[in-house]
Amino acid sequence: MKKFRFLYIAAAALLFAACANEEDGIGNNGPVAATVKADISNNIKTRGTADNDRWTTGDAIGVYVTSAGNTKGTNVKYEYDRYGEFVSANPIYFRDNAEQTFSAYYPYIDDPNNDKFDEDGWLKNDWTIDYSNPSNTLLANDFLFASGATASKASPMVNFTDLNNVGESLPEKDHRFKHKMSMIEFTVCAGEGIESSKSNLQSITLDKIKTQGKINVKTGATEVTGTSSLKTLPVTGLLTDLRVCKFILFPQQFENKKLTISCSVLYNENTINNYTTKIPLPNGFEGGKKYTYTITVRNNSIVIGNANITGWGIGTDNESLDAEIE
Numbered sequence: 001m002k003k004f005r006f007l008y009i010a011a012a013a014l015l016f017a018a019c020a021n022e023e024d025g026i027g028n029n030g031p032v033a034a035t036v037k038a039d040i041s042n043n044i045k046t047r048g049t050a051d052n053d054r055w056t057t058g059d060a061i062g063v064y065v066t067s068a069g070n071t072k073g074t075n076v077k078y079e080y081d082r083y084g085e086f087v088s089a090n091p092i093y094f095r096d097n098a099e100q101t102f103s104a105y106y107p108y109i110d111d112p113n114n115d116k117f118d119e120d121g122w123l124k125n126d127w128t129i130d131y132s133n134p135s136n137t138l139l140a141n142d143f144l145f146a147s148g149a150t151a152s153k154a155s156p157m158v159n160f161t162d163l164n165n166v167g168e169s170l171p172e173k174d175h176r177f178k179h180k181m182s183m184i185e186f187t188v189c190a191g192e193g194i195e196s197s198k199s200n201l202q203s204i205t206l207d208k209i210k211t212q213g214k215i216n217v218k219t220g221a222t223e224v225t226g227t228s229s230l231k232t233l234p235v236t237g238l239l240t241d242l243r244v245c246k247f248i249l250f251p252q253q254f255e256n257k258k259l260t261i262s263c264s265v266l267y268n269e270n271t272i273n274n275y276t277t278k279i280p281l282p283n284g285f286e287g288g289k290k291y292t293y294t295i296t297v298r299n300n301s302i303v304i305g306n307a308n309i310t311g312w313g314i315g316t317d318n319e320s321l322d323a324e325i326e
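Each step along the sequence shown adds one to the number in my numbering, with nothing skipped, and position 120 is 120.
No false leads were slipped in.
Pair by pair, the computed Cβ-Cβ distance ranges are:
1. Ala33 <-> Leu238: 49 to 55 Å
2. Pro282 <-> Glu119: 35 to 41 Å
3. Gln253 <-> Asn97: 46 to 52 Å
4. Lys37 <-> Pro282: 34 to 40 Å
5. Thr128 <-> Glu172: 32 to 38 Å
6. Lys278 <-> Asp126: 23 to 29 Å
7. Arg95 <-> Asp130: 37 to 43 Å
8. Asp126 <-> Glu172: 31 to 37 Å
9. Asn70 <-> Asp115: 21 to 27 Å
10. Leu230 <-> Asp126: 17 to 23 Å
11. Ala140 <-> Ala221: 15 to 21 Å
Keep in mind the hints are simulated off the structure, nothing from the lab. Cβ atoms here follow ideal geometry from the backbone N, Cα and C, with glycine treated the same way.
Take the sequences, apply the hints, and build the full model.
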């Protein structure tokens, strides 16, 4: 009788273990958290690092589970730590063995009351780009988005990276973070007839641009809103050195396919010279592109040359533009 009792107990134990294994599918019914690895598709210095494609400590992203299933994740914060890893205080846990698809955006927007985004992922209130603090403008407004990365309980690393093999360039395998805003960059230098030691750059102004818009943290889409206005970015320094001024903007179109810019230079500490010209932009500012121009200040005009439009890479030179003093 005792022998049969022990057999019953052993059989029950085996049955319980089998049920646990069946539930988990991999012989482990403990929770498994999603971990994140992320790269930036970037040749532009917005991150504040020398190589331009690395995160900095404290950078935070919002991660979404975009596939249907038992595993859920909505705007889960993952923060880049000093050890070079993304960590979360409340990570996403896989609830079954199904493979899941993920997306993510930067910079992370805290939403403790679940009232900042609509169901489709659009930020309800307009995102406003503030140019009053040039040192923070780039980092604070560099909206990045990544999608298509997959992971599972058996393989929990979410790779927001480029999975193309050497020689491949398939967009569907590139899951890196990509820029969704536009950037315009001016490099100002002294030209003929200008004493660089007496010429002090004061500001660069963009006329009739829109600085408000909406972002979608689930799709990476942007939508410019509001009215056009004149925006000035203070950038100062003697023209004995090259002076670089950068704007991040919402992708947008312009009337007459041109943008008016002005450059203000203080000469000999007592005379302000303002130079104005127009930049042709037949396609406006497009998302994920950088527009670079060299401004050469001359005695009575400025010349804009080396005009490049790049997809975060190498572009093609355009013609120079002349600008007269006002």
